[in-house]
Each structure stands twice: as structure tokens, then as C-alpha cells.
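Here is what each chain is made of, one letter per residue.
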Amino acid sequence: MELLTVLQVLDSTVRLSTPLLLACLAGLFSERAGIFDIGLEGKMLAAAFFSAAIAAVTGSVWIGLGAGITASVALSLLHGLASITFRGNQLISGVAINFLAAGMTVLIAQTWFQQGGRTPALIGGGRFNGVVLPGAEALRDVPVIGPIYYELISGHSILVYAAFACVPLTWWVLYRTRFGLRLRAVGENPEAVDTAGISVTRLRFAAVVICGLLCGIAGAYLATALQAGFVQDMTAGRGFIALAALIFAKWRPWHALYATLLFGFLQAIALRNQNLDLGFVTLPAQAMDALPYILTVVILAGFVGKAVPPRAGGQPYVKER
Amino acid sequence: MRQDDADGARQATAAPGSHLPAIELRGISKAFGPVQANKDISIRVMPGTIHGIIGENGAGKSTLMSILYGFYKADAGEIFIGGQKTAIPDSQAAIAAGIGMVFQHFKLVENFTVLENVILGAEDGRLLRPSLAKARAALKSLAEEYELNVDPDAVIEDIGVGQQQRVEILKALYRQADILILDEPTGVLTPPEADHLFRILRNLRAEGKTIILITHKLREIMEITDTVSVMRRGEMTATVKTAETSPEELAELMVGRKVLLRVEKTPAVPGKPVLEVEDLRVTDSSGVERLRGVSLNVRAGEVLGLAGVAGNGQSELLEVLGGMMQATGKVRVNGQPIDLSGPHADGQSRRNAGIAHVPEDRQRKGLIMDYAAWENSVFGYHRDPAIQRGPLMRNAAILDHAETQMQRFDVRPPNPRLAAKNFSGGNQQKVVLAREIERGPDLLLIGQPTRGVDIGAIEFIHQQIIALRDAGKAILLVSVELDEILALSDRIAVIFDGRIMGECAADTASTQELGLMMAGISSGKAA
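Protein sequences appear in the order of chains A and B. Quick note on my numbering: the first sequence kicks off at 1267 and runs consecutively. Quick note on my numbering: the second sequence kicks off at 21 and runs consecutively.
Don't take each hint at face value.
Stated by the list, open to error - Below, computed lysine to any residue pairings styled on SDA-like, alpha-carbon distance capped at 20 Å: (1) K1572/A to I1513/A; (2) K1585/A to Q56/B; (3) K1585/A to D203/B; (4) K154/B to I1513/A; (5) K93/B to I1513/A; (6) K1585/A to Q484/B.
What the hints contain is simulated information worked out from the structure, not anything from laboratory work.
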């Protein structure tokens, strides 16, 4: 393959990895605090719709982003209320949020815009456009480095750079700050946190809100940067792929980056070549789509090391007997 | 002894002229639903002393201490710390009042380092680095001062329980605790580790710290405390000076009647070997070898006690023999080989071979907690044609039978329709024991027969085990309580790290020698 073709595939890998990465880090914060969240999909979907809708109405993508984040955080708080305050089942609450988002977005879209459950196409300031990094134009014609810088590194929306910056930031917060220490502790043994005089409830709510924030950015990216507007079920299972990536990464930030890049790469190939010819066998595009899940099953079966989730994950904290 | 006297002298100088109690509780009450866990409890603990609180399981000791530590909220009552009335609504307030607690089940984050566990909740700012450096220095000086040595960078799950307990003590001291509460601290320790703990506690007392020790072991109370309070059914029945009381008196105060502390038994009359185990090996799912060539035998009419600290392979041994786990090696019962890894390596075949099993974890492996006692009374023996009619169970017959069985084994309340979870630990154990003993097995495997069982029931269970022995049955007893092993066994074997360290007759065994073997030092080296 030519360098340019390779670069185009890698370029679309970056674009497709971004929402996965954001959602994966969102799940990481939540699950590291002991709150399992299968509602990533629903939160992204709600954020995608509200960001596109508000951006379409106001013409400002930033206000749209804010609306998307707000919607996603609201759903997060709902999840927190159900699973932290009322000690409900975290999986059921997550499933409910997914259904709620899937139905609500289309219903409101139809009521507001009457375009068959879509938002109007976003134009101009209603969308995040690519940022051309300094020197990109100048370096464009330099062999090898030029195309890599211009095609691959430069020209993405601001949210892409933000997503990638979130990786070291998440690592730093988790492993270098007081908040991170407590967050990790509450996902492993909430009793240790409680007896140390820290509120388990407050910590877990903080984690869930961060999760909502990141899901909100992920959803807004889908509708206002990757595409220009909201369409029905546009998250297309990305929330679940992000969960798979989270398990694949064994709940670690840098590994989350590698996992989502891998899964993004698979999506990029599936998108570009309908079928992948490996010479001796031709893989259909569907195989590429299924690969993240297959890899996760392989991981869970224990072939590539053991994925041990946070020990208190999924269990509501009950203090008195 | 000499050490004690020296400590005593220093203690007198450590808290001169202080007449205010370090802790005073007045009229503390607490109910969990219909259960009154604490009833109007008052207690005074003077500074610089070790105060024991003794009582049976469920007497309310842990509840009382959890209230003092702000883990539970009392329904009524007042707490005074150093003479000041203090409200302790949560653990934060308890820590601020200088109270530290070492729970029975440690509150440590398993995959954190020692240092991270120590600073959790007591960090010095938003960033970890300075806090960690400060804690490292503090730990070093605490280690020197009190013999509290732990590697600060070790991960909790990699270190032994004795060290984990030291981490809990360090956590409290790092938070400037003057009052230290320890809940059943020796349950998981080897005798040498327990001795070390007591040295640490004496060091702390010498520095003027106040220590509350909760335990159900009379020996510990007599060994280390200055004063002792006795609790029974949520009430404080007495507070006495340790020097002025005796184990017999304390036991009577705990139970409310006279108790036999020693098990009455005649010398064993061992017959032919019933259980013969040869080179038994087990590797668990993560590839760790749990049993590394265990060989032992148990003869008819004797109790073989297997001593050892929890987690050294005794659980695996019981599960292999009980048909719950696969293994390699040779096992014969009454001369007949037992299938260890084939299609007949299951509990049903074991029962047919004459093996009965009272599992260590009775709540998970001996009972179904949500099922009624009568249903639990036939598990494992449900294929017995006497209780079946075609494909149906003869429930009325089982129910009748369970009722008489419960009366015979003194299960309280003797109501077969009550779910297993609604019985106390001792009565649950009696239900399991009755089921397993009843059909006259040749070999009884019994693990931790009295864990979580109150003194009155312990007496009864011990009598049943001895009665079975006297009926000519073979008994393999596994217990982490060395006292229990010594009281019941005719022979004692010690297991360490999946190997049998040594064996001796019970009447010649010394606690010290057994303790060393339990710590992995063979009797040859110890001599």
C-alpha cells in the first residue's frame, strides 16, 4: 500500500478512536470507583442529540457541546441516584438509561424538527472543524514527515486533541492525586474508605459525574465533529465497544488508549475496504466489526492475562447489616 | 514476666495523676430491627491501660465498638472522651477524637501498597507525593518505637495477615490515635505472631496509649488485659480487674451458667486405619500448588487434629477428601481406593464410601441459607429411598424427622420450618452436624467446628465429636484454633504451605512446638 493510503487509514483510525477513547475513559472513572456503567451508549446518544439540536438552533457548536454534556451528566446523576443513593442494581439502571436515551432522542428530534428523527445538518459555526496545526502547510511537501504531520497529526477537531490529552491527565489524576487514590480505593474496598473517614457516596457521585462529562464530549464529537448532525442510533454500539476496550485495557488509562486505537483501526479498515484480503483468506467487513467483541471474549477467557475488575465493582455499598 | 513488671512500672509514670477516664460510655443502646444488639451499656476505661471486652459471638461487642468508632449510630447514650462529651456521628469524628480501630476483617485496599493504605484519608494535600514521603518517614520511626516493622512498598495482598494487621495499627497511629480498639485481633494469627502483637500492645501501653481488646478467648484476656468487661446478649454483665478474676468466673459471666472449659474424654482406643492418604497434591486454577504431597492416616476411634494457620492447604485437603476438588495421589478409605480425579470424585460417591463432611464454611458449603432447616437436613442424603416415593420427596416424613433430630441436637429454636439464615452460628452448625453424623459415617471430616459458635454450643459440639470417636469412628478435625485442636485431638499433625510439618501425640504436645511448626519451622530445628 502507498504511504498516502496508509495515512488515510490511520487518519480515520484517529477519528474513529476518539469517541471510543472518551467513552472508555468515562467508563474507567466510573468503574474504578465501583460503579459499573453499561449506560455509556445511552449517555453518548443523548449527548449526541442534544449537542446537535442545540448547535442547530443556536448556531454555536460550543453551546451545543455544553448542552450535550449537560444531558449526559443528567443521565449520570440518574444512574448515581439509582445505584448509589438507592443501592439499586447497576446493570438494570444502565440498561434503562440506554433504552431511555434511544427512545427519547428520536421522539424529541421528531417533535422539534420533523425530519424523521434527525436534526438538521449542521453548517458553519454549528460544527467543530479541523484545526490546522502551526507549520502544517509549510511542512506539507517535505517527504514522509510532511504527509504524516499534515494528514495524520494536523487537521483534526479540537475534541480529538482534547481526548488524547485526557489519557495522561487521567493517569495523573488516578495515580498522582489524593482524589485518584481515594477513587481507586472506593472501587476496591469502600469499607476502607468509609473507616478512613471519607464519604463513599460523595466519591462515587464525583466519579459518575466525571463519567457523564466525558460521555458528553464523546457524544457531542459524534454529532458535531465526526458527522454533521444527529441521526437515529448514531452511536451504533460504540458505548459497548468502549466497555469492551475497558476490559481489554484492564481498567488502565494508557492501555485504554491502545485498546481504543486498535478497535478504531478495525473500524477504519471495515469502513474503507468492504472486505480485507489477507492473501490466503478474505475477511468480510462484518468480521472486522465483530473483532473487538471477539478480542474481549478472548481476554475474558483468560488467554491474554487476567482481567480483574475493581473488586467492589457492581456492588452497592451497604454499611449496616 | 520480668518484661511485664517493667512495663507496669513505666505505665505508672506514663499517666501520672490522670483520674479522668480515657473513654466513658453512658447508656449506649442500639437495635438492628427487632434485635437489641446493645442495651444501656456503660463503661469507663482509664488511660494507659489495656481493657478487655469479652463475650460470646453476638453478645454485641463489635457493635459497641463500631458505635465508638462512628461506624454505626447509637439509638441512645453518650460518649465522653478524656472527660469531654463527644459526638461521634462518623469515623471522621472518631479519628479526630483520637480513636483508631483495627477491625476483625481488615479494612485495607488489597492492591494498594502499605504506604498508600496508611495515607488514605489522611493525605496532606491534593497531591500524593509529599504525603507519601511524610508517611514513609513516620512509618520508619513508628516501626522503631513499637516493633511495627512492615515494608512500606509491599502490596497488601502479597503480605501475610500478621503484617496486614500491623498496617492497620500503623494506620491508627499515623492518625495520632491515643485510643486503639482491636476487634478479635488474634483470630488469624499464629501463636508467634500473636505474641508479637501482644509485645506491640505492651509497648503502646507503656507510651500511655489506651487499648480496648475485644476477644472471645479467655486466655488472651488473662494474659494481657488490666481490666475486663463481660458482655452477654447485648448487656454489660460485669467489669472486673483481671488480676482479681479467673477464666472460670469469666466464662460463667459470659454464658450465664457454669461451663466446662476442658473437654472430658477418656484415652482413645484406636483400631484399624480408616483413612489413608498418600502423596496428595493439588494445584489451583492460578497454578499454585496448594498441597505438596500430603500423607497422613486416621484410625478408627481416634481424632486426628490438623493444626495450621488458615490458608496453608487444610481447606483444600478437606475439599479433596470431601469430593469437592480434584487432586492427584492415593487415598484409601477402609482399604478401598477413592477416585480423586475421575467421574466418581464427587460428594455423593464419598458419602457412599462412608465419609461425612462438615465443611469449614458452613454458610456457603454446608447449608443453603434461604432454605428451611428441614430441607437442609437432607442435603446430600436426598437420594435415600426412605424419604422418596417415586420421583417425589416425602416431605412430611423429612419434616417429622428433622424435628426429632433438632430436638436431639438441641437446636434452638427447634422449628424445622425456619430458614437456615435465621439460626445463630452455633445452631446452624448443629443442623449440619446432625445431618452428617446421623447416618453413622466411618470417617467424619470436620472443618472449623466451632468458628462463630458461642461457648455453650461449643461444649455441645465438642461432646458430639468425642461421642462419635468413642463409637469407634475416625475423625479428621481441621481447626485454626490451637486450643480446640489440643482439647479434642488424640494425635496432632501440623500443616504448613501444603506440607505436613510434623505429627505428635496430643498429650505430649506443647503449644510452643506446635506454634513453631505452624510458622513453618520444623520440630527438628526447633529442638
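Results for each hint:
no.	hint	verdict
1	K1572/A to I1513/A	holds (10 Å)
2	K1585/A to Q56/B	holds (18 Å)
3	K1585/A to D203/B	holds (18 Å)
4	K154/B to I1513/A	violated (35 Å)
5	K93/B to I1513/A	violated (39 Å)
6	K1585/A to Q484/B	violated (38 Å)
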